[in-house]
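Visitor: Protein chains in written order, with our numbering: chain A, 1 to 142; chain W, 1 to 432.
Heads up, some of the hints might be wrong.
DSS-like mimics (lysine-lysine), calculated; alpha carbons at most 25 Å apart, straight line [as the list claims (entries may be wrong)]: (1) A:105 - W:146; (2) W:301 - W:282; (3) W:172 - W:146; (4) W:146 - W:253; (5) A:107 - W:146.
A short list of chain A residues far from chain W (calculated; beta carbon distances all over 10 Å) [unchecked claim]: (6) 40; (7) 48; (8) 95; (9) 105.
Because the hints were derived from the structure by calculation, they are not lab data. Heads up, the beta-carbon is just placed ideally off N, CA and C, and yes, glycines get one too.
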Amino acid sequence: MLIIGCGNRDRGDDAAGILAAERLRSRGIAAEIYSGESSALLEAWAGAEEVILIDAVQTGSPAGTVHVWDSHQTRPFRTSSGSTHGFGIAEAIELARALGRLPAKLKIYGIEAETLEIGSRLSPEVDRGIDEVVRRVLLDLG
Amino acid sequence: MTITGGRTIKVDTLARVEGEGALYIRMAGDRVADVKLKIYEPPRLFEAFLRGRHFSEAPDITARICGICPIAYQMSAVHAIERALGISIDPAVRLLRRLFYCGEWIESHTLHIFMLHAPDYLGYPDVIQMAGDHREVVEKALRLKKIGNRIVHLLGGREIHPISAAVGGFHKTPTKNQVRDLVEDLEWALAASLEAVRWTTTLPFPEFEQDYEFVALRHPDEYPFNEGRLVSNRGIDIEASEYEDRFTELHVKHSNALHSVIRGRGSYHVGPLARFNLNFDKLPEVARKAATDAGLKLPVKNPFRSITVRAVELVFACAEALRVIREYEPPALPRVEAPNRAGVGHAITEAPRGILYHRYAIDDNGLITAAKIIPPTSQNQRRIEDDLREYAAQLVAWPLEEATLKCEQAVRCYDPCISCATHFLKVVIDRD
Numbered sequence: 001m002l003i004i005g006c007g008n009r010d011r012g013d014d015a016a017g018i019l020a021a022e023r024l025r026s027r028g029i030a031a032e033i034y035s036g037e038s039s040a041l042l043e044a045w046a047g048a049e050e051v052i053l054i055d056a057v058q059t060g061s062p063a064g065t066v067h068v069w070d071s072h073q074t075r076p077f078r079t080s081s082g083s084t085h086g087f088g089i090a091e092a093i094e095l096a097r098a099l100g101r102l103p104a105k106l107k108i109y110g111i112e113a114e115t116l117e118i119g120s121r122l123s124p125e126v127d128r129g130i131d132e133v134v135r136r137v138l139l140d141l142g
Numbered sequence: 001m002t003i004t005g006g007r008t009i010k011v012d013t014l015a016r017v018e019g020e021g022a023l024y025i026r027m028a029g030d031r032v033a034d035v036k037l038k039i040y041e042p043p044r045l046f047e048a049f050l051r052g053r054h055f056s057e058a059p060d061i062t063a064r065i066c067g068i069c070p071i072a073y074q075m076s077a078v079h080a081i082e083r084a085l086g087i088s089i090d091p092a093v094r095l096l097r098r099l100f101y102c103g104e105w106i107e108s109h110t111l112h113i114f115m116l117h118a119p120d121y122l123g124y125p126d127v128i129q130m131a132g133d134h135r136e137v138v139e140k141a142l143r144l145k146k147i148g149n150r151i152v153h154l155l156g157g158r159e160i161h162p163i164s165a166a167v168g169g170f171h172k173t174p175t176k177n178q179v180r181d182l183v184e185d186l187e188w189a190l191a192a193s194l195e196a197v198r199w200t201t202t203l204p205f206p207e208f209e210q211d212y213e214f215v216a217l218r219h220p221d222e223y224p225f226n227e228g229r230l231v232s233n234r235g236i237d238i239e240a241s242e243y244e245d246r247f248t249e250l251h252v253k254h255s256n257a258l259h260s261v262i263r264g265r266g267s268y269h270v271g272p273l274a275r276f277n278l279n280f281d282k283l284p285e286v287a288r289k290a291a292t293d294a295g296l297k298l299p300v301k302n303p304f305r306s307i308t309v310r311a312v313e314l315v316f317a318c319a320e321a322l323r324v325i326r327e328y329e330p331p332a333l334p335r336v337e338a339p340n341r342a343g344v345g346h347a348i349t350e351a352p353r354g355i356l357y358h359r360y361a362i363d364d365n366g367l368i369t370a371a372k373i374i375p376p377t378s379q380n381q382r383r384i385e386d387d388l389r390e391y392a393a394q395l396v397a398w399p400l401e402e403a404t405l406k407c408e409q410a411v412r413c414y415d416p417c418i419s420c421a422t423h424f425l426k427v428v429i430d431r432d
């Protein structure tokens, strides 16, 4: 199982994926940290059978809400104009799908973000959401 | 959206540019009445973060400004601070910094040429749609990108926000063998880049030329990365320390970003076209030949041709990386001492998107008292608006939707890095 946390530490709740990976590491679970740039993600999961991806998301739900998606069952992310990043996680997933490079299992944990301002702090709801994701990942690992 | 007596081209969120931006063009009949490229650039918080910090922290802090070009920020920071402190680096470190920059150019140019820009020419909304029909091209692009990542990882210590660059050198330098391990990959990358140059010539280019003032570094012996005088095709020839005498930044109401202009003249063009036109003679033979074979004639004034010029620079970056690797002997020490000393230092380096200016003032304790950072995108922003004013006027007869797309494409020629380091997702949930 490959676990990847994505995000940006300097943008408030956008750090959620990175912090989740760090909290898993502190429990002795190997977890990788990426910015979310898609070619690096495609490279990271090349050859992996099962992948868990953790990232901050914005869907309109209350802050800290934990979403779970299976990349083979849903296409939750809008690419291109819907993404504020030129080429990120949504593109990584869809490009991998187009090239037949999706891992056999790719589960995405999305933690609903509140503040993304540069230099802002993590909100307490998101902090709790991260703990919730860590708990669920530990269950996934059995 | 139509308004009385004219029409409006509006793109709320620009796709396939780094960060977030919006474009607004208002037409009044055949006339372009208004052009606003809105850039939600984070306010210059980083300049404030840097004040009161020790100079040794600047390379790591500034690297965080951009997820795509962190090395450019590190390079401008270390050179400016080294000048403030009056220290010189080991020639082997200088070579390694060139190799480091090659890695970033390979990563960034590959991303832009194939993933962000090529879909415009081929008529796809994005690379995902393009991948279905051009699988081989996309697979090659991913491999090229990975080779760039490898170089950055080796020298930077990790892929995102590299941490190894330091004032005076590197925290750790690679062995000869570690560097030589890259050769096989880079030889493949060089061949793939040459192929990329040829491939870009098969794309359809709009006829659109502008009389630009190109601004780039120029060095007596090499295609520019870290050093050189700042020159233009209209007579600018200055040191980095004179930059603020010749260029100034204007606040514009519609954008958080500042617009840079040449004092008394206006907009200018930085990036691959500027470097290529001002430094063609400094490219290695293999890159010059690729450019000539691709039909590029100096000066290239069509911004849509930048895709081919970027591919030529990709050839250069691979060839230069191979040259550095052949010459590399590890330095005696990874970095020279950088003792605290008060001073002011300036540096300009060539980020993938164009010149990146840094200035630091440092006190007796080595603390930064002032920092100024001018990224390439804010230098090109005024020029992008000027291009759009001309280009939109040519598109009056086009259906609105197509004209809108064309204008977006014109913006993408500049590979604008609009708000560095954002990667946030917006999610749409489809319900049956």
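Visitor: Now, for every hint given, state plainly whether the structure supports it.
Guide: Structure-based check of each hint:
1. A hinted pair counts as satisfied when its Cα atoms are at most 25 Å apart, and residue 105 of chain A with residue 146 of chain W qualifies at roughly 23 Å.
2. A C-alpha spacing of about 19 Å is found between residue 301 of chain W and residue 282 of chain W, which places the hinted pair at or below 25 Å, so the restraint holds.
3. In summary, the hint linking residue 172 of chain W to residue 146 of chain W is supported, as the alpha carbons are separated by about 22 Å, within the 25 Å threshold.
4. This hinted pair does not check out: residue 146 of chain W and residue 253 of chain W have alpha carbons roughly 40 Å apart, beyond 25 Å.
5. Proximity of residue 107 of chain A to residue 146 of chain W is assessed by CA-CA distance (about 24 Å); at most 25 Å being required, the pair is judged to hold.
6. Here residue 40 of chain A does not stay apart from chain W, with its beta-carbon only about 6 Å from theirs, under the 10 Å limit.
7. At roughly 16 Å, the least C-beta separation between residue 48 of chain A and chain W is larger than 10 Å, which holds for a residue marked as non-interface.
8. Annotated as non-interface, residue 95 of chain A brings its C-beta within 10 Å of a C-beta of chain W; the closest such distance is 5 Å.
9. Listed as a non-interface residue, residue 105 of chain A keeps its Cβ farther than 10 Å from every Cβ of chain W; the least gap is roughly 20 Å.
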